[in-house]
Amino acid sequence: MVIFSVYVVNKAGGLIYQYDNYVPRAEVEKTFSYPLDLVLKHHDEKVVVSFGQRDGIRVGHAVLSINGVDVVGKNTSEGKDILEYLKDPSNYPVSIRFGRARLSSNEKLMLASMFHSLFAIGSQLSPEAGSSGIEMLETDVFKLHCFQTLTVSNNHTSNPCPLIFRCELFDQNLKSALEVAEKAGNFGAGS
Amino acid sequence: MTRRSTPSSEMVANRTTPPLEPSLSIARERAGTGETQMTVHNLYIFDRNGNCLYYNEWNRKKQAGISKDEEYKLMYGMLFSIRSFVSKMSPLDMKEGFLSFQTSRYRLHYYETPSGLKFVMNTDLSVSNARETLQHIYSNLYVELIVKNPVCSSAPSLDSEVFSSRLDAFIRALPYYSPRAA
Numbered sequence: 001m002v003i004f005s006v007y008v009v010n011k012a013g014g015l016i017y018q019y020d021n022y023v024p025r026a027e028v029e030k031t032f033s034y035p036l037d038l039v040l041k042h043h044d045e046k047v048v049v050s051f052g053q054r055d056g057i058r059v060g061h062a063v064l065s066i067n068g069v070d071v072v073g074k075n076t077s078e079g080k081d082i083l084e085y086l087k088d089p090s091n092y093p094v095s096i097r098f099g100r101a102r103l104s105s106n107e108k109l110m111l112a113s114m115f116h117s118l119f120a121i122g123s124q125l126s127p128e129a130g131s132s133g134i135e136m137l138e139t140d141v142f143k144l145h146c147f148q149t150l151t152v153s154n155n156h157t158s159n160p161c162p163l164i165f166r167c168e169l170f171d172q173n174l175k176s177a178l179e180v181a182e183k184a185g186n187f188g189a190g191s
Numbered sequence: 001m002t003r004r005s006t007p008s009s010e011m012v013a014n015r016t017t018p019p020l021e022p023s024l025s026i027a028r029e030r031a032g033t034g035e036t037q038m039t040v041h042n043l044y045i046f047d048r049n050g051n052c053l054y055y056n057e058w059n060r061k062k063q064a065g066i067s068k069d070e071e072y073k074l075m076y077g078m079l080f081s082i083r084s085f086v087s088k089m090s091p092l093d094m095k096e097g098f099l100s101f102q103t104s105r106y107r108l109h110y111y112e113t114p115s116g117l118k119f120v121m122n123t124d125l126s127v128s129n130a131r132e133t134l135q136h137i138y139s140n141l142y143v144e145l146i147v148k149n150p151v152c153s154s155a156p157s158l159d160s161e162v163f164s165s166r167l168d169a170f171i172r173a174l175p176y177y178s179p180r181a182a
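Chains W and V are the protein sequences, given in the same order.
Residues in the first sequence are numbered consecutively from 1, following this note's numbering.
Residues in the second sequence are numbered consecutively from 1, following this note's numbering.
None of these hints come from the bench; they were simulated from the model.
Heads up, a few of these hints could be off.
Unchecked claim - Pairs of lysine-lysine, DSBU-like flavour, derived with a Cα cap of 35 Å: (1) Lys143(W) with Lys88(V); (2) Lys175(W) with Lys73(V); (3) Lys108(W) with Lys73(V); (4) Lys95(V) with Lys41(W); (5) Lys88(V) with Lys74(W); (6) Lys87(W) with Lys73(V); (7) Lys46(W) with Lys62(V); (8) Lys148(V) with Lys11(W).
As the list claims (entries may be wrong) - Now the stretches of chain V that chain W is said to cover, found in silico as 3 or more residues with beta-carbon under 8 Å: (9) 44-50; (10) 59-66; (11) 135-148; (12) 164-174.
For glycine and all other residues, C-beta sits at the position ideal for the given N, C-alpha and C.
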């Protein structure tokens, strides 16, 4: 069993801790000649594949680097708009690296609060009385497990400093706990 | 009360019954003794625009506390957000995407067809995989009775008595369905 990442969310839905244990990055770098046979579009300050799949490049993959140099959002490292750059035949042949985009800290914050709401709606729409929120969510490539503590104290929200905490001892202990869990091979009842 | 009704001969001919997994047959025996209550709570069918085409319940103990229209919107909205959440969160490329989730009391199973039709079924926790059930409902009931019916396929919601009754009979005949004692 592999544990990909751990998120800790507080009572208000705010992300307070995040740790990536193992992040598989399937990336494909290929050289292309004009015209590009993939359709690209802007999405969330990135350039992603909107249509066209070949050689390991899938719809939803983002442009990660051009000619070996990492891109910066929607622009090349020199500040040129990527879509404009790729429309110009004189820039070809070009080597582009595609892959699943890494989540930015902001995106992680948004996903955590999104899950917080989904967790609550899962309880509200329950056809049985006394249901908890979502405890396990399953897709074809990963499972998400959620454990809700009994803590009712809310001291994080009164602290004016940034909510996400960093503590080396916590990180170290978490890493060892994850190693033990991965070796044990299962993750809770009915996993 | 019989726990399992005999399927009609047409259903037997159309239906590709999945082989009964050992865990399911054991659970079915236990259900007969009253140890676990295997059941289907309810089923929603949404079109690709979010309209609820069909809803029915068999063993629902708790309502959502909001009107049915609001409940359909909330359910669809939750599923839409879950799919968006999962596509961003996933460490690897996905093929089918979101399959199911469970809480302490129920499990929600999800199946989406390539045409955007969404089948959502809530069962108790002992049902681990209802994907084949939902696929059967789509191919053998929805496609046969709704899509292939020129009168039904143009209407905005599913208004077919034969569909409702066949679906009801199919659900009640499932190996993991047992009606609760009143």
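Hint by hint, here is what the structure shows:
1. In summary, the hint linking Lys143(W) to Lys88(V) is supported, as the alpha carbons are separated by about 14 Å, within the 35 Å threshold.
2. With a CA separation close to 41 Å, the supplied pair Lys175(W) and Lys73(V) exceeds the 35 Å bound.
3. Of the supplied pair hints, the one linking Lys108(W) and Lys73(V) holds, its CA atoms being roughly 26 Å apart against a limit of 35 Å.
4. As the CA atoms of Lys95(V) and Lys41(W) are separated by approximately 21 Å, the hinted pair is consistent with the 35 Å bound.
5. At most 35 Å may separate the alpha-carbon atoms for a hinted pair to count; Lys88(V) and Lys74(W) meet this at roughly 18 Å.
6. Between Lys87(W) and Lys73(V), the direct Cα distance comes to roughly 42 Å. Violation of the 35 Å bound is thereby established for this hinted pair.
7. The straight-line distance between the Cα atoms of Lys46(W) and Lys62(V) is roughly 44 Å, outside the 35 Å bound, and the hint therefore fails.
8. Distance restraint check for Lys148(V) and Lys11(W): the Cα-Cα separation of roughly 50 Å exceeds the 35 Å cut-off, and the hinted pair is therefore not satisfied.
9. Three residues within the 8 Å Cβ limit are the bar, and the stretch 44-50 of chain V against chain W gives 0, so the coverage statement is violated.
10. Coverage of the stretch 59-66 of chain V by chain W holds. Counting CB-CB distances below 8 Å, 6 residues qualify, and the rule asks for three or more.
11. Residue count for the stretch 135-148 of chain V with a Cβ under 8 Å from a Cβ of chain W: 0. That is fewer than the three needed, and the coverage hint is violated.
12. Interface restraint, the stretch 164-174 of chain V with chain W: violated (0 residues with C-beta to C-beta distance below 8 Å; minimum three).
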